[in-house]
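Chemist: Generate the whole structure from the sequences, applying the supplied hints.
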Amino acid sequence: MIIKTLIILLEILVSFIFQTTVFSHLKLADVVPDILVIVTASLGYIVGKKTGALTGFLCGLLLDCTYGSLIGLFALIYTTIGYICGFANRIYSEEDYTLPLFLIGAAEFAFSFIYYVLFYLLKGDLDFGHFSMRFLFPRVIYTVMVSIIIFRLLNLNTRLFDKLDLAAKKRKGGTTHEFKGFDAFSRKDF
Amino acid sequence: MGREKKKVNISSKLIFTALAMICVGLIVISYLFPDILSPVRTGVGNFFAPMQQGLTVIGGGISEKLKLFSDKEELIEQNEKLTDEVNNLKIEIQKLGQEKSELNFYRELYEYDSVYQNSQKVAARVIGRDPNGLCTTLTVDKGADDGITVDMNVLAGGGLVGIVTETGKNWAKIRTIISDDSSVSGRFQITSDTCIVKGNTKRMEDGVIDVEMININAEVYDNYEVVTSYISDKYLPGILIGYVSNIRKDPSELNKRAYLTPVVDFEHLEAVLIIKAVREKLEGFDE
Numbered sequence: 000m001i002i003k004t005l006i007i008l009l010e011i012l013v014s015f016i017f018q019t020t021v022f023s024h025l026k027l028a029d030v031v032p033d034i035l036v037i038v039t040a041s042l043g044y045i046v047g048k049k050t051g052a053l054t055g056f057l058c059g060l061l062l063d064c065t066y067g068s069l070i071g072l073f074a075l076i077y078t079t080i081g082y083i084c085g086f087a088n089r090i091y092s093e094e095d096y097t098l099p100l101f102l103i104g105a106a107e108f109a110f111s112f113i114y115y116v117l118f119y120l121l122k123g124d125l126d127f128g129h130f131s132m133r134f135l136f137p138r139v140i141y142t143v144m145v146s147i148i149i150f151r152l153l154n155l156n157t158r159l160f161d162k163l164d165l166a167a168k169k170r171k172g173g174t175t176h177e178f179k180g181f182d183a184f185s186r187k188d189f
Numbered sequence: 000m001g002r003e004k005k006k007v008n009i010s011s012k013l014i015f016t017a018l019a020m021i022c023v024g025l026i027v028i029s030y031l032f033p034d035i036l037s038p039v040r041t042g043v044g045n046f047f048a049p050m051q052q053g054l055t056v057i058g059g060g061i062s063e064k065l066k067l068f069s070d071k072e073e074l075i076e077q078n079e080k081l082t083d084e085v086n087n088l089k090i091e092i093q094k095l096g097q098e099k100s101e102l103n104f105y106r107e108l109y110e111y112d113s114v115y116q117n118s119q120k121v122a123a124r125v126i127g128r129d130p131n132g133l134c135t136t137l138t139v140d141k142g143a144d145d146g147i148t149v150d151m152n153v154l155a156g157g158g159l160v161g162i163v164t165e166t167g168k169n170w171a172k173i174r175t176i177i178s179d180d181s182s183v184s185g186r187f188q189i190t191s192d193t194c195i196v197k198g199n200t201k202r203m204e205d206g207v208i209d210v211e212m213i214n215i216n217a218e219v220y221d222n223y224e225v226v227t228s229y230i231s232d233k234y235l236p237g238i239l240i241g242y243v244s245n246i247r248k249d250p251s252e253l254n255k256r257a258y259l260t261p262v263v264d265f266e267h268l269e270a271v272l273i274i275k276a277v278r279e280k281l282e283g284f285d286e
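Chains as they are written, first to last, in numbering that gives the first Met the number 0: chain S, 0 to 189; chain Z, 0 to 286.
The set of hints was computed from the structure by calculation and includes no laboratory data.
One should not assume that every hint holds.
Once the Cα atoms are required to be at most 27 angstroms apart in a straight line, the calculated DSSO-like pairs of lysine-lysine come out as [claimed, not checked]:
id: 1; chain 1: Z; residue 1: K201; chain 2: Z; residue 2: K233
id: 2; chain 1: Z; residue 1: K99; chain 2: Z; residue 2: K275
id: 3; chain 1: S; residue 1: K3; chain 2: Z; residue 2: K12
id: 4; chain 1: Z; residue 1: K120; chain 2: Z; residue 2: K141
id: 5; chain 1: S; residue 1: K122; chain 2: Z; residue 2: K248
id: 6; chain 1: Z; residue 1: K120; chain 2: Z; residue 2: K233
id: 7; chain 1: S; residue 1: K3; chain 2: S; residue 2: K171
id: 8; chain 1: Z; residue 1: K141; chain 2: S; residue 2: K26
id: 9; chain 1: Z; residue 1: K120; chain 2: Z; residue 2: K64
id: 10; chain 1: Z; residue 1: K141; chain 2: Z; residue 2: K99
id: 11; chain 1: Z; residue 1: K71; chain 2: S; residue 2: K26
id: 12; chain 1: Z; residue 1: K141; chain 2: Z; residue 2: K233
id: 13; chain 1: S; residue 1: K3; chain 2: S; residue 2: K122
id: 14; chain 1: Z; residue 1: K141; chain 2: S; residue 2: K122
id: 15; chain 1: S; residue 1: K26; chain 2: Z; residue 2: K99
id: 16; chain 1: Z; residue 1: K141; chain 2: Z; residue 2: K275
id: 17; chain 1: Z; residue 1: K275; chain 2: Z; residue 2: K168
id: 18; chain 1: S; residue 1: K26; chain 2: S; residue 2: K169
id: 19; chain 1: Z; residue 1: K233; chain 2: S; residue 2: K122
id: 20; chain 1: Z; residue 1: K201; chain 2: Z; residue 2: K248
id: 21; chain 1: S; residue 1: K26; chain 2: Z; residue 2: K120
id: 22; chain 1: Z; residue 1: K233; chain 2: Z; residue 2: K168
id: 23; chain 1: S; residue 1: K26; chain 2: S; residue 2: K171
id: 24; chain 1: Z; residue 1: K99; chain 2: Z; residue 2: K89
Here are a few chain Z residues that face chain S, going by a calculated C-beta distance under 10 angstroms [unchecked claim]:
id: 25; residue: I9
id: 26; residue: P33
id: 27; residue: I57
id: 28; residue: G58
id: 29; residue: S62
id: 30; residue: D129
id: 31; residue: N131
id: 32; residue: G157
Derived list of chain S stretches under chain Z, where covered just means 3 residues or more per stretch with a C-beta under 8 angstroms from a C-beta of chain Z [to be verified]:
id: 33; region: 19-27
id: 34; region: 146-160
Note that the Cβ used here is the ideal one computed from N, Cα and C, for glycine as well.
Modeler: Spelled out as structure tokens, the structure:
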């Protein structure tokens, strides 16, 4: 369980660092892909609602602490995205690559739209057409493209966690003891 | 393992609600008391700065590799153009050299002493950018240890980049002049008319930002230089900001407004100069 948490933490850290460094050099049509939305939505879908919400919370908080003006604003948006994507965990299948891409696209669309409302609309900028053509749609498309690769990597979590579960069961001598999980994470969540 | 058995499974709804409440709490706290959470920000910054430093180098390498794909013919054409330009520039340098000696003479006459030309500068490397790719915030690899403090002016390529808004042990955050929150008091070099240079990320897609509050009677034309003015309380005077274009009347008919092309190429900014001098505060001056 601790190992799983550490793995997820590591994934979040790495994606955050990549988002702010390497990917800002990989601009296409003036937009950068949003790795943090990919990670939040994917983990929500792969692992569950709680992990999704917690991942989103951490990702958002990191963003807020380094680049935001108000701490907690992005955290709130990302937490919601992770939690909502977690509902799709019920129909999770390791082979399905269509639904997660659709989820990530929708999540990015929602994020960009909220971003527009908070940072443009509230400042009196009503030109949504311009915003959507120059920022929103390119960003959604680019993010979905990048997520094809990143989601595949994150999907390896399922195999890894299964192996960890198996190893944990063996250590307990094959009893039918149910692994309830630590703290906030339930068994279903992992 | 008895400890785990006692744990009750917390429902996901509860977790989500708790996290959302924490977020809202944090928003309220950071809105009401912006300074309370700054140690946290500094800590996070200190933690990530070294890792970002390493990866930025890799990122730069990748983008250079990608550039190799660009057309060879394009490069040849560019080379020709550049050779021409170099020749022109050489002639211009000669001209400027003459003019400079003249200028020095006049400066001495006027006892003109620009603050920023005499103060110490620190070179710093850009190690982090705004996650949106809009270049409104930059992180650089020099911080409090190198004597950087908040409100120091930042230059690159002879033009104004922005101002230091936050410093950590070995990093500093810069708000650039193209950021929507930025407004710089400017002055036309030639006519000494004042104006306000306002950042505009949306307009920056076309490479320009806004200039406002130009006197309606000011005789200014396209390509006039705008520098930082003497009346700014944070920016040192006489730093080149950019060149104006598209001068037109304000809808209010009281002022003129224009576009400004910054001299700094924000897209490809890799290193900046931080001036180690802060504009002196006016003592006993209440706003």
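Chemist: Against the structure, test the hints numbered earlier, and report the numbers of the ones violated in rising order.
Modeler: 9, 10, 13, 14, 15, 18, 21, 23, 32 and 34
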